[in-house]
Amino acid sequence: MAEPMLAVEDLEVRHGAIRAVRGVSLHAAPGELVVILGANGAGKSSTLMAIAGALRPASGRIRLNGRDIAGARPERIVRIGLATVPETRDVFPDLTVRENLTLGSFIRRSDRAGVAEDEARMFALFPRLSERAHQPAGTLSGGEQQMLVIARALMSRPRVLLLDEPSLGLAPVIVDQIFAMVAELKQSGLTILLVEQNAAKALAVADRAYVMRLGQIATEGDAAEIRSATDLGALYLGG
Amino acid sequence: MGFGLQFVIDVLSLGGAYALMALGLVIVYGILKLVNFAYGELIMVAGYTMFLLGGSALPWLVMAAVAVAMSMLAGVLTDYVAFRPVRAKSVTAVLITSFAFSTLLQNLALLFISPRPRPVALPEIFSETVTIAGVVTPVRNLITLAASVLLLGLFALLMRKTVLGIAMRAAATHFIMARMLGVPANLIITSAFAISGFLAGVVGLLWIGRIGTVTPGIGLEPLLIAFIATVIGGMRSMSGAVLGGFLFALIDTTLNYTLSQDLLKFRDAFTFTLVILILLWRPEGLIKGPATGQRT
Numbered sequence: 001m002a003e004p005m006l007a008v009e010d011l012e013v014r015h016g017a018i019r020a021v022r023g024v025s026l027h028a029a030p031g032e033l034v035v036i037l038g039a040n041g042a043g044k045s046s047t048l049m050a051i052a053g054a055l056r057p058a059s060g061r062i063r064l065n066g067r068d069i070a071g072a073r074p075e076r077i078v079r080i081g082l083a084t085v086p087e088t089r090d091v092f093p094d095l096t097v098r099e100n101l102t103l104g105s106f107i108r109r110s111d112r113a114g115v116a117e118d119e120a121r122m123f124a125l126f127p128r129l130s131e132r133a134h135q136p137a138g139t140l141s142g143g144e145q146q147m148l149v150i151a152r153a154l155m156s157r158p159r160v161l162l163l164d165e166p167s168l169g170l171a172p173v174i175v176d177q178i179f180a181m182v183a184e185l186k187q188s189g190l191t192i193l194l195v196e197q198n199a200a201k202a203l204a205v206a207d208r209a210y211v212m213r214l215g216q217i218a219t220e221g222d223a224a225e226i227r228s229a230t231d232l233g234a235l236y237l238g239g
Numbered sequence: 001m002g003f004g005l006q007f008v009i010d011v012l013s014l015g016g017a018y019a020l021m022a023l024g025l026v027i028v029y030g031i032l033k034l035v036n037f038a039y040g041e042l043i044m045v046a047g048y049t050m051f052l053l054g055g056s057a058l059p060w061l062v063m064a065a066v067a068v069a070m071s072m073l074a075g076v077l078t079d080y081v082a083f084r085p086v087r088a089k090s091v092t093a094v095l096i097t098s099f100a101f102s103t104l105l106q107n108l109a110l111l112f113i114s115p116r117p118r119p120v121a122l123p124e125i126f127s128e129t130v131t132i133a134g135v136v137t138p139v140r141n142l143i144t145l146a147a148s149v150l151l152l153g154l155f156a157l158l159m160r161k162t163v164l165g166i167a168m169r170a171a172a173t174h175f176i177m178a179r180m181l182g183v184p185a186n187l188i189i190t191s192a193f194a195i196s197g198f199l200a201g202v203v204g205l206l207w208i209g210r211i212g213t214v215t216p217g218i219g220l221e222p223l224l225i226a227f228i229a230t231v232i233g234g235m236r237s238m239s240g241a242v243l244g245g246f247l248f249a250l251i252d253t254t255l256n257y258t259l260s261q262d263l264l265k266f267r268d269a270f271t272f273t274l275v276i277l278i279l280l281w282r283p284e285g286l287i288k289g290p291a292t293g294q295r296t
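From first to last, the protein sequence lines are chains X and E.
Residue 150 in my numbering is what sits at position 150 of the first sequence, and the numbering runs on without skipping anything.
Residue 146 in my numbering is what sits at position 146 of the second sequence, and the numbering runs on without skipping anything.
Treat the hints loosely; a few may be bogus.
Said to hold, decoys possible - Listed below are several chain E residues computed to face chain X (Cβ distance under 10 Å; list not exhaustive):
#, residue
1, Ser56
2, Leu58
3, Thr129
4, Ala133
5, Ile176
Stated by the list, open to error - A few chain X positions that, by computed beta-carbon distances, are all more than 12 Å from chain E:
#, residue
6, Ala83
7, Glu99
8, Gly104
9, Ala124
10, Arg132
Worth flagging that the hints you see were computed from the coordinates, not collected in a lab.
No residue lacks a Cβ here, since even glycine has one placed at the ideal position from N, Cα and C.
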């Protein structure tokens, strides 16, 4: 097997006395779409935030494109090629849509032509954002904000994209759009690690899946395998 | 008419100074959610730099530029000495270290210069007056007014048009997300302290220009003014700080004009009563600003 784009080994994350993530190992090959499923509080988001550098792992190794990033600052991890779409859908509400995108390209701000090109591409991809380019991002609808956060993450031209619950709280028609777009991003060769409550939809687009339970990996395998072998409803009852 | 004009000039020039003071405090608060209690000492540093350069043959503007540069340096030093080592650990610790740094700077001035007021070189123009539409006004009020308009404009431009400014605004609402986009935490914080020092330096020159002397305790009043102005205007918003500065100046000036000689001694009591009333009406300040704002 080729060297994985992202490899996590024995990751442990603590929130005070609580061990939110206990010895998680996972990997994603270049261009692979990997999904992490599990109930609320299973440690999925904590795992992502530790990879992104927003949480400091208590122990474990994280390698991104062959470089060790465990415990590195988030601003350095982006530069190695990882972009994050957090669960909390953090647009900067009082910045305009365009300013939000500008920040997405912060690490390549010297490449003005490339940034302008990418911005035009994002506006073509998301016409709604283009219409609202000069509006504060806080005035967008939930679905538009999610589009903006994804577009903003792509502005850094990442190799790996972390997506935390991109469909959370969105109308079904928007959820379908988001999943179509995730599939498209995979087509473009991006490596994606997706955390998702909507197991059926996530497994439909994913290559492989991990199921987390109480901070540990309970099951892993091909997306199709997991889909047929697991009672998806039971995933979310914990246990 | 003449009286009205005088009142307006007084409010605007005092308000401009207050607004700059408040902005210098809030730019650090906005990002770190911590009040820099050593802020007043940045003004003191500008004052003593002017005093120490007073004997030299340098033109006044050069001395002023050096003084502002020293304030910026002191601002950045505040970050390295008082904030950075304990920032991630505890709010209480930063509260104490910033007080300690403030006391340390004041005591250095006491020890190495003097507890007594020291004269500061001022250009002639600071003591001249002009007559506008029959109103006699000190030129320094007009300079203060012009300087504040210029700086507020420059500041707005920096925050809206430059990537650093946009990144600082983003960091003020959601620091960790800004970092996950590659904005380095230390760059933002150091810039905030440098801008804070710059504003304090300029305000220091204008402020000390009113009195003509500098003392170790000179920073206390500007710190208090800045703090009150930001509380009235809203701690989370930069436009709030500016609005708060002008409103505070309006209150002060109105009381100066209307209170009788006997009551003028109690002006601050009246001022603070009004501040309390404003806060009872709007506990979050006049401009709320974005709702998020966790610390680093």
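Determine which of the earlier numbered hints do not hold for this structure and return their numbers in increasing order.
Numbers 1, 2, 3, 4, 6, 7 and 8, in rising order.
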